[in-house]
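Peer 1: Take these sequences, add in the hints, and give me the full structure.
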Amino acid sequence: MTGDEPQLRVSKIRSGTVIDHVAAGQALNVLAILGIDGSGGESVSVGMNVPSGRIDRKDVVKVEGRELSPAEVDALSLIAPEATINIIRDYEVVHKTRVQRPTAVTGVLECPNHSCITNAGEPVDSEFDVLEEGVRCRYCETILREEIAAQIGT
Amino acid sequence: MRQDDLVSATGLARADVETVLDRAAEIAADPGSWRERHAGALLALCFFEPSTRTRMSFDAAMKRLGGDTVDMGPVESSSVKKGESLADTVQVIEGYADALVLRHPKEGAARMAAGYVDVPLINAGDGAGQHPSQTLLDLYTMREATGLDGVTVGMLGDLKYGRTVHSLAEALTEFDAEMHFVSPESLRLPESVRYDVESAGGAVREHESLGAVLPDLDVLYVTRIQRERFPDESEYRAVAGEFRIDEATLADARDDLTVMHPLPRVDEIDAAVDDTDHARYFRQAHNGVPVRMALLDLLL
Chain A
10 MTGDEPQLRV
20 SKIRSGTVID
30 HVAAGQALNV
40 LAILGIDGSG
50 GESVSVGMNV
60 PSGRIDRKDV
70 VKVEGRELSP
80 AEVDALSLIA
90 PEATINIIRD
100 YEVVHKTRVQ
110 RPTAVTGVLE
120 CPNHSCITNA
130 GEPVDSEFDV
140 LEEGVRCRYC
150 ETILREEIAA
160 QIGT
Chain B
45 MRQDDLVSAT
55 GLARADVETV
65 LDRAAEIAAD
75 PGSWRERHAG
85 ALLALCFFEP
95 STRTRMSFDA
105 AMKRLGGDTV
115 DMGPVESSSV
125 KKGESLADTV
135 QVIEGYADAL
145 VLRHPKEGAA
155 RMAAGYVDVP
165 LINAGDGAGQ
175 HPSQTLLDLY
185 TMREATGLDG
195 VTVGMLGDLK
205 YGRTVHSLAE
215 ALTEFDAEMH
225 FVSPESLRLP
235 ESVRYDVESA
245 GGAVREHESL
255 GAVLPDLDVL
265 YVTRIQRERF
275 PDESEYRAVA
285 GEFRIDEATL
295 ADARDDLTVM
305 HPLPRVDEID
315 AAVDDTDHAR
325 YFRQAHNGVP
335 VRMALLDLLL
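For the record, the sequence lines run as chains A and B.
All residue numbers for the first sequence refer to the working numbering, where the first residue is 10 and numbers rise by one.
All residue numbers for the second sequence refer to the working numbering, where the first residue is 45 and numbers rise by one.
To be clear, the hints were calculated from the coordinates, so they are not data collected in a lab.
Treat the hints loosely; a few may be bogus.
[To be verified] To be clear about the criterion: a stretch of chain A counts as covered by chain B if any three or more of its residues have a C-beta under 8 Å from a C-beta of chain B, and this derived list gives those stretches:
#1 114 to 125
#2 149 to 158
[Stated by the list, open to error] With a straight-line Cα cutoff of 20 Å, these simulated DMTMM-like cross-link-like pairs (lysine to aspartate or glutamate) come out:
#3 B:126 x A:131
#4 B:125 x A:131
#5 B:125 x B:93
Just so it is clear, CB atoms sit at the ideal spot from N, CA and C, and this is done for glycine as well.
Peer 2: Written out as structure tokens, the structure is:
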């Protein structure tokens with residue numbers, strides 16, 4: 010970690026993942042993507058609206074004892090395209106990556122179109138192609154722009 | 045054709061369209077010579093929503109190619125009523141037939157179903173999504189009447205839920221067609237169709253009344269505005285009246301304007317228009333047979 014002022018607001022973790030440079034206000038959506046609602050017993054620290062040189066204000070999420078899967082990183086990229094993922098082991102950053110927008114996300118978002126076949130109890134995962142701005146359901150072709158976070162399945 | 049299924053007009057390349065239309069023209073010129081072409085082949089008709097024209101024209105098309113059809117029948121008397129998923133239903137039916145035609149009330153149903161079967165699958169309408177085989181017969185009719193390049197096409201009525209319009213607009217981006225979209229504000233094109241038209245380099249020109257654009261049109265494609273799209277009867281009446289086509293409306297149109305409609309119509313085109321040179325909608329419906337024969341011939 011950089012050790013600059015904002016990082017002092019949230020305690021260090023021994024091992025797990027630090028999701029840094031999340032757009033301000035998106036931390037709770039990050040937790041939703043990771044399926045964290047407190048009931049699973051994970052140790053989680055959240056910083057919201059902390060000052061950041063790179064993106065002015067940012068959110069930071071630290072999850073103890075868990076390293077993110079590629080699918081989770083893909084989903085994060087939709088709502089936190091500037092985020093960095095830091096994998097921590099024994100208090101050290103062992104791997105640091107910027108998220109990259111995937112070309113498609115599967116099983117992460119629920120289609121907002123109630124008449125979409127993916128909302129009809131069929132044995133099929135939602136699939137969205139990622140556009141320059143927003144995502145598009147591969148089945149009913151509905152386009153989602155701003156409201157992506159609200160469609161994250163839990 | 046490059047594809048094994050016909051699920052959406054998105055991705056229907058100009059060459060694919062021309063292949064189908066050319067084959068349909070060959071068939072229409074000499075239908076008798078195609079009578080044994082697909083003898084012994086079976087087409088499954090799976091209609092989860094009512095249909096007259098689409099179901100009967102696929103049935104007729106297959107039989108005129110020498111094949112036959114097996115029909116799932118109404119949903120009420122099928123195992124769908126017992127709660128069977130669409131995925132299971134189509135996997136069972138593909139064992140009975142060489143190709144499937146599917147109409148379903150859910151958008152994306154055909155795309156999902158195509159992923160579960162190995163035989164060719166044709167989308168015969170998925171909710172408010174797409175109806176690409178209708179588009180092929182629309183394009184065939186338009187090509188007969190006006191050609192498909194250098195034409196100005198107006199689409200009128202329910203552009204939001206009208207699946208024939210969605211497929212037609214996307215397919216016309218492959219041709220040199222200027223498109224105008226005339227509808228009440230609440231029934232404008234959905235964003236997905238707008239996106240496809242604009243991504244293909246087309247322009248979406250929208251109007252809330254027909255008057256200003258009618259004199260420029262080569263083709264007017266009329267669709268039905270349904271009562272259930274409006275919160276109350278009076279609002280529906282006002283809009284439906286405004287978008288009704290009669291001889292007086294067409295007084296401002298060019299003499300060679302072609303009026304099309306996917307049918308069924310209720311009262312959006314006055315019956316008096318049927319007797320004018322503008323009316324092409326019954327011929328359009330009849331074209332469903334040779335065009336669907338061509339489509340089946342290319343997919344089977």
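Peer 1: Please count how many residues of the region 114 to 125 of chain A have a CB within 8 Å of a CB from chain B and say whether that reaches 3.
Peer 2: holds (count 3)
Peer 1: Residue 125 of chain B and residue 131 of chain A: Cα distance at most 20 Å?
Peer 2: holds, 15 Å
Peer 1: Examine the region 149 to 158 of chain A: at least three residues should have C-beta closer than 8 Å to a C-beta of chain B.
Peer 2: holds (count 4)
Peer 1: Would the pair residue 126 of chain B and residue 131 of chain A pass a check requiring their Cα atoms to be no farther apart than 20 Å?
Peer 2: holds, 14 Å
Peer 1: Are the Cα atoms of residue 125 of chain B and residue 93 of chain B separated by 20 Å or less?
Peer 2: holds, 13 Å
Checked against the numbered hints given earlier, this structure breaks none of them.
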